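Asker: Sequence:
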Amino acid sequence: MPPKKTPAKKPAAAAKAQPAAPAAAAKKPAAARKRARSSSTIAPQKPPRTHRCGFWRWAPSDITALAAKRGSVVAAARADGSFELVDGAARWTSVAKVSGRRDAAATSLAWVAGRCYGATASGIIFEVDFNEGRIHHETDGLGGAVWQLLADARAPARLNTCCDDGSIRVFECDEQGALSYTGALRVATGARCLCAAWAELGDSRALFAGCDDGTLRRIDSNTGRSSLRLTVDGDSPRVWSVATLCDATSCTVASGDSTGAVCLWDGVVGSLLRRFARHDADVLCVAIAGDCVFAAGADSKVVCLERHADEWSFAAAHRPHVLDVRALCVSEDAEGRPTLLSGALDAKLCAYAASNGRSFAERRPARLWPFPGTPCVRACDATRLATCNHGAHADVWRLASSSDAAPADPILALRVTAPGPHNLAFACVFDGGLLMVGDGATRTRCMRLIDDGDALSTERVAGARRLPPSLAAASNDGVLVLACAGRIVAYDVSQNELTPRCSIACACPAPALLTVRDGRVACAARGGRVFVAALDDSTAAPAPRGPARAAALAFLSDGLLAAATLDPARPLCVVDAAAGEDEPRAIVEQRQAVLDAAASALTTRKDAPVGLAAGPHDRLLVHSHAYVLLVDTHAAAPPAPTSPPPKQRRRSRSTTADDPDDRIVPWTFSTLYSPLLAATWLGDEILVAENPWLAIARQQTVSAVARRKYGV
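Residue numbering for the sequence shown follows full-length UniProt numbering, starting at 1 and increasing by one per position.
One thing to keep in mind: the hints can contain errors.
Now the in silico label distances, taken between C-beta atoms and shown as ranges [claimed, not checked]:
id : residue 1 : residue 2 : range
1  : R460      : A334      : 46 to 54 Å
2  : L412      : Y181      : 46 to 54 Å
3  : A408      : S494      : 31 to 39 Å
4  : Y181      : R367      : 34 to 42 Å
5  : H136      : P419      : 17 to 25 Å
6  : A317      : D431      : 50 to 58 Å
7  : R415      : R460      : 50 to 58 Å
Derived from the structure by calculation, the hints contain no laboratory data. Computed from a predicted structure; not experimentally measured. C-beta: ideal position from N, C-alpha, C; glycine also.
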């Protein structure tokens, strides 16, 4: 898949799956050559044809809440009811996802006792279990809509909720994660409690709560009574957010309100220290890191205020978002370095340096891709069908055949709607026209596709009525494998029937990655653990020398397991999963040497790989949301340069083998594609599923114009 000349973009609805022009037949402009430059040249074999498709109409959902956990782990809630777990140690890549429910979009998140809890505007509180990939332990908040969840540092198992009835209700979670109601604090009568934050006042503690009547109340933790009332200036103001900064000598309270102001208060005496009017609309969220206060809101601006010698001043501001910023949080890594993250209605997550005001001002924010950690587009070569999972529904597209002289337009042949409120976790088509969809929580559906010309219809498959809830599916050589909570289930597939084959217990609680080879060996992974299941013996064991933090898995023809990982030191690796030997064979070392050499093209990348597919002749197709890497694993690893080349002008550069830019290497690296949803094989051809960002922005603009008024 060599770099190609980028053709003129077509509208997404009318895009065709046409093969891209070969690189040798087109001369790229200077800007494209500079953007596609890498430390490799095209491998000396015929490049595969590449089909670029941008007709999927997939769009990410808005971010509504964020919550940080110690160790640079952040949970994000989206407006469609789904949840994601992003990890700073993995370059802020999504490492886990819960498909969730469309009728339970979270307005707030909080980590309590190592568990993530969410709350909705309907007053329901629940646990988001990223290990099992589902939502459970639902309970009523007992106070109407829940505006914010608040953890208590002194009571790790306690969860506080800011409720619509003007109270803060207290819940305790047990060892299983279930919540029990223990009491309530009355904050205001006739006003909503919108936000709250704990503060240390010497030997005592207090809770500062913001209300929609424009007041901040200080609630004493010992008596439960209001001991101080602070009033925000303005016309019917609402205090949307509050945060506290306490040390041995002072307590500073920061509040953001509907007038667009950030107010800094003395939490001991209740005086106003400073008022900053740097925003043009409501300040919806406030966060604190060290001596810095960060604020953001409906004007899409993120502002930093910094304290120097007890004096507060404006430090800097960024505007990486184009729509309202709904959430801010500060995450600290293992060494205590803070990072600020923001989420907005434009579905983007941005990361900022938050050590001090200078680092915040000098370093531009990193915009993180709002795409799922696992590809939402799957393709089947035998049927020339591709599926795209939109959450509420899944689309099945019919692709043109490679033998057609004039490729036809792709056809939307079938749309499968989720039967209940749960979003779909996966959707895929296998050989024989077998369509699998599942939500990971209630049921997995298996249907046989019937060709009705351009359209497709479905029929029931015998034995598929009682399939267990699953998070992933794979099929090979007449065997269907499902990844369920704590086990791997296999079925034999006949013409119109599924026959149970085996159910294997697995220490992996909820595998998100699954692949199968020859109908005999299946590999499942979740986080940093990879398990190999022998379907004939009904046994499962951890993979020998398994990859650390696998992001994608694929079997090679000789039984080796290739993996793309989130480890920057070794993003690609191969293990002898089929044989199960402790010592790698010589072939494993040769494959690993090729992958290590190809990984040199990824050393400067800021995004981790999210997809991996094995094609003909064991050529591996690795992709992130911004690049594609094609590796020939059967080739010999290129020799390392004998000496570093001296710096010289471009025209006088050497063309010998010692020049790393001119060595013939068995890989091809390209960044000439739009944001990618997936890249996979269709026989001996490559399908690149693109998602033009302009089409996403148009959909988001329409929803933003029709948004509701805050506080109503």
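Asker: If I claimed the Cβ atoms of H136 and P419 lie 17 to 25 Å apart, would that claim hold in this structure?
Answerer: Distance hint for H136, P419 holds at roughly 20 Å.
Asker: Between R460 and A334, does the beta-carbon spacing fit 46 to 54 Å?
Answerer: Cβ of R460 to Cβ of A334: about 52 Å, so the range 46 to 54 Å holds.
Asker: If I claimed the Cβ atoms of A317 and D431 lie 50 to 58 Å apart, would that claim hold in this structure?
Answerer: The hinted range 50 to 58 Å holds for A317 and D431, with Cβ atoms some 55 Å apart.
Asker: Look at the Cβ atoms of Y181 and R367 and judge whether their distance stays inside 34 to 42 Å.
Answerer: Check passed, 41 Å falls within 34 to 42 Å.
Asker: Has the hinted range 46 to 54 Å been met by the Cβ atoms of L412 and Y181?
Answerer: Roughly 48 Å apart at Cβ, these two residues keep to the hinted range, so it holds.
Asker: A408 and S494, beta-carbon distance inside 31 to 39 Å?
Answerer: holds (32 Å)
Asker: I want to verify a distance hint. Is the separation of the beta carbons of R415 and R460 within 50 to 58 Å?
Answerer: This hint is violated: roughly 18 Å between Cβ atoms.
Violated hints amount to a single one, hint 7; each of the other numbered hints is respected by the structure.
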